[in-house]
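Participant: Quick note on this note's numbering: the sequence shown kicks off at 17 and runs consecutively.
Note that these hints are calculated values from the structure, not bench results. Treat each hint with caution, since some may be false.
[Unchecked claim] Straight-line distance between alpha carbons at most 30 Å, and here's what the computed DSSO-like set of lysine-lysine pairs gives:
#1 153 x 54
#2 144 x 175
#3 153 x 189
#4 54 x 95
#5 195 x 175
#6 133 x 54
Please read these numbers as outputs of a predicted model, since none were measured by experiment.
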Amino acid sequence: GQHGEMNSKRPITEERLQRLLERAVSYYEQAFPSSEGKTRLEGMGITDAGLYNRHRIGYATGDLRNVLPKDGALKAELKGIGVFDGCGRERFRRCIVFPVVDAEGRLTNCCGYHLQKQSYLCLPNRRKGIWNLPAVKTYTELLATTSIVDALSLMMAGKNNTIAFLDDDVDDKALATFKEYNAQRIT
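Full structure from sequences and hints, please.
Facilitator: Rendered as structure tokens:
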């Protein structure tokens, strides 16, 4: 536990998951400003640096493993949550990385937009979530898309009340969040 040894049989707590995601997200954020991912978003008309920063957009170059401690414990934990696949490759390699947070801003997942395949992938074995869910705290009317890139395009047009549904359905937790923050309409 506390002194570096990791029992792979023990499930990772939500708190530990958030810390692991935070490390990966921070690394991806640092790579974004000079990345192919930023160039691609700019080519789509998504050029607002404030959006990049507010949503902590990053880019995975595929070299995260090169900056991890050599003992392998951290890489094993990151593999356990899906940042690395079964072969040890970085899941989000060559992807624009979008952190997914709950209404309170806690990291719950990451979603990558693969530049070649032009498709999304998220961490496995958990709900993908709703991107930009904290908007529910500010707006009673929300615009919904199923694409983060589309949501960012709408934000570029001044529609900051945009969210992106990443799952095929809306779970009870999301419905409770909408109710708790008094969301009046989602279109």
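Participant: Each hint should be assessed against the structure and marked as holding or not.
Facilitator: These are the hints, each one checked on the structure:
no.	hint	verdict
1	153 x 54	holds, 28 Å
2	144 x 175	holds, 23 Å
3	153 x 189	holds, 15 Å
4	54 x 95	holds, 26 Å
5	195 x 175	holds, 21 Å
6	133 x 54	holds, 16 Å
Of the numbered hints listed earlier, not one is contradicted by the structure.
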